[in-house]
Amino acid sequence: MSYVAYADRDHEQEHHDPDTFITKYIWSQDHKVIAIQYGLTAIFVGLIALGLSAMMRLQLGFPDDFAFINPENYYQFITMHGMIMVIYLLTALFLGGFGNYLIPLMCGSRDMVFPFMNMLSYWVYLLSVIILIASFFVPGGSTGAGWTLYPPQAISPGTPGIDLGILMMLASLAVFIVAFTMGGLNYVTTVLQARCKGMTLMRLPLSVWGIFIATILGLLAFPALLVSAIMMLFDKTLHTSFFMPAISSMGIDPGYTGGSPILFQHLFWFFGHPEVYIVALPAFGIVSDLISTHARKNIFGYRMMVWAIIMIGGLSFIVWAHHMYVSGMNPYFGFFFATTTLIIAVPTAIKVYNWVLTLWEGNIHLRVPMLFSIGFIFTFIHGGLTGLFLGNVTIDLPLSDTYFVVAHFHMVMGVSPVLVVFGAIYHWWPKITGRMYNETLGKWHFWMTFLGTYAIYLPMHYLGFAGVPRRYFAMGNTDFLPDSAQDLNAAITMSALFVAATQILFFVNMIWSLKKGPKSDPNPWDATTLEWQTPDHPPKHGNWGHHLPEVHRWAYDYSVPGYKDDFIPQNVPADAAPAGREHDGDQ
Amino acid sequence: MTIALGFLAIILATLLGWLLKQTFNAAPWEMEVVSDTAHYGPLGGTDKSKLIALLTLLAVVSSFFALILSAYALRMDLGDWVPMTEPQLLWTNTVMLIVASGVFQWTRNAAVKGQQGRLQPGLLITGVLTLGFVLGQFIAWQQLQDAGQFITSNPANAFFYFLTGAHAVHILGGLYVWARATLKVVLGTGDSTMIRRSIELCTIYWHFLLLVWLVLFGLLLST
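First to last, the protein sequences are chains Y and X.
At position 453 of the first sequence the residue is numbered 453 (my numbering), and the sequence of numbers has no breaks.
At position 156 of the second sequence the residue is numbered 156 (my numbering), and the sequence of numbers has no breaks.
By construction, these hints were calculated from the structure, which means they are not laboratory data.
Every residue gets a Cβ at the ideal spot worked out from N, C-alpha and C, and that includes glycine.
Pairs of lysine-lysine, DSSO-like flavour, derived with a Cα cap of 30 Å:
{"no.": "1", "chain 1": "Y", "residue 1": "Lys540", "chain 2": "X", "residue 2": "Lys50"}
{"no.": "2", "chain 1": "Y", "residue 1": "Lys516", "chain 2": "Y", "residue 2": "Lys540"}
{"no.": "3", "chain 1": "X", "residue 1": "Lys50", "chain 2": "Y", "residue 2": "Lys24"}
{"no.": "4", "chain 1": "Y", "residue 1": "Lys24", "chain 2": "Y", "residue 2": "Lys516"}
Below, a sample of chain Y positions facing chain X; criterion: calculated Cβ distance under 7 Å:
{"no.": "5", "residue": "Thr181"}
{"no.": "6", "residue": "Leu185"}
{"no.": "7", "residue": "Val188"}
{"no.": "8", "residue": "Leu192"}
{"no.": "9", "residue": "Arg203"}
{"no.": "10", "residue": "Leu220"}
{"no.": "11", "residue": "Pro223"}
{"no.": "12", "residue": "Ala224"}
{"no.": "13", "residue": "Leu238"}
{"no.": "14", "residue": "Ser241"}
{"no.": "15", "residue": "Thr257"}
{"no.": "16", "residue": "Ser260"}
{"no.": "17", "residue": "His266"}
{"no.": "18", "residue": "Trp554"}
From just these sequences and the hints, can you work out the full model?
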């Protein structure tokens, strides 16, 4: 048989709509349902992680007032909070959630290329989440090794959860990686093979570009985590000495012969740094589309934006050791990694300039998704600038173990992506559910979250400069700090609890919308991308009815001179736009 | 980590080269006429989804092994490393895997030419040889155990067991797909095109795992 293209073969395919509740909503192979399953699971574990951070803040703000928080619990909270937020919430939500929902719809395909594997990906992910959550309830509790799981302490006596806790964490990570790989193969293949007619790579919306490159990063970087997890499992269960040095632990010789903890750090951060961009690149892509749509203006420098995503992805593999300055390294290596780290600022800054230039003289509609997008630009610039501090060896060394680092990474990869997540949910909510939410409540949610997170993280920079150590359960012998440091800590805790409580507004809004929200138009934002042009609203199984769409233009034909409407959808042919063209190619 | 970086450089350079070709000089805001094949994948106007998924998977697996090799190189510089003597049986196993790969290629060629009669013997011989390889690796483990070379005896041993075990697991994964194709051929069920594509993809996977094994074996012998 000669091979025929995916889109050309479409008319040969029979599309069996799932007809039972179970095939439609539980064992579903529809990318949209899988996306929602991923999204809901990720948000559920995210809420657990939010609760854990609230308990950490209670201890830090009001030490000794809460008897149920002891040092062991505290370290377990830290570890699980970090791991859940980075991997089980953000990675899963951006790629499993938005990736699944947006890739087929934005590329103009009916589904992922391998729907069964896609379904399997979700269920294996759910299994990893169940293993992770179950580790809270095993004897000894979950691991308290810190989210970086550094040996030797991760598996040595004195650290909470060194029996079942750490084993379940490592097992859960391994299972997650299997799930991610199954999903990732699907995303890459779908983007490369299942685009509809006319959808060249350079006509793809930036959301797809961000998700696509992030998936490639994940596929190449997660094996590093898998290798380190397996080797640590061996060290723990079989007493090999990959990472474990010859140590005496509490007077007992555990029998290790001289492994290298630094080796673990290399492997971990070889995964860990690209992981930052696995989360950030989809956020970059999505925010570009949100800004362009709600500013009614084509994205500034589309090609540059695509190439910036690719450059950031490539560079993210050669900066990992900037997480290890304090572990000690050859000064030339330090110089190399500081240089590469600072070079990443170039494509990243290009993206920021382009977002701002897209806003420039745009017809800005300050709707909820736009507010979150602009909020993201603020927090991301803020977190990015402190990254320039920490990328330098000499500045990193004194600041590395302080709250400055906590403030930096929460701004850049905590708050920033989460703002995009909210913006994206508000933006695509009408498409997913067919209903509108309450705009006013959404705006309240934005302002309280945005200002509240600043109230949390801005003071942390000062605490860091003052030398307040991170990871500590209690201050201990820190006489060099003024008493006001503790007052600031109490204020931060109040802000954190406030922001956590504010999220109720979001859930109230969404639940209200599901039940009583007004029905939305099929394209309420007058957007150009394909997902807003589906024949059914919300899109049904198969997405496109009888015929796949054909694409005739890029994704950013907003406010094109000479046309009646201020947007032209991607599937509108050149001669079918509402008015003749006055200017050619000079938008 | 140089090995992992070298590997990544190759993958990323390939990807970048291809992307550059796709995107350089493209002016997406202009309404140029898009030819019918413009939306197709990187390998021309054909549906090669499974091939692309396989190649992507091979990149992931390569990354996995490259990282273990990086760890190997870093760890062997430390003081407690005692080089291990590999069992002679590994040579026999290697020959078996090479022949298995060769027979798979022969079977694939037969499938492409439509010589259906050769498929069954080809697939069965490949399967037996590959299973023989996995069994041989297991016996090599037994021989090491009998000689007192346990996984905890030395980091070199630990890496030996880890590398050979990880490789064998990947072979077993391939055998699962091989078994499905073979069953269809033996029972005479299944579409011949699908079977041919299955055999084509399996052949690539076998060659790849042979290559990985040759690299691993070379490294184990030389260190």
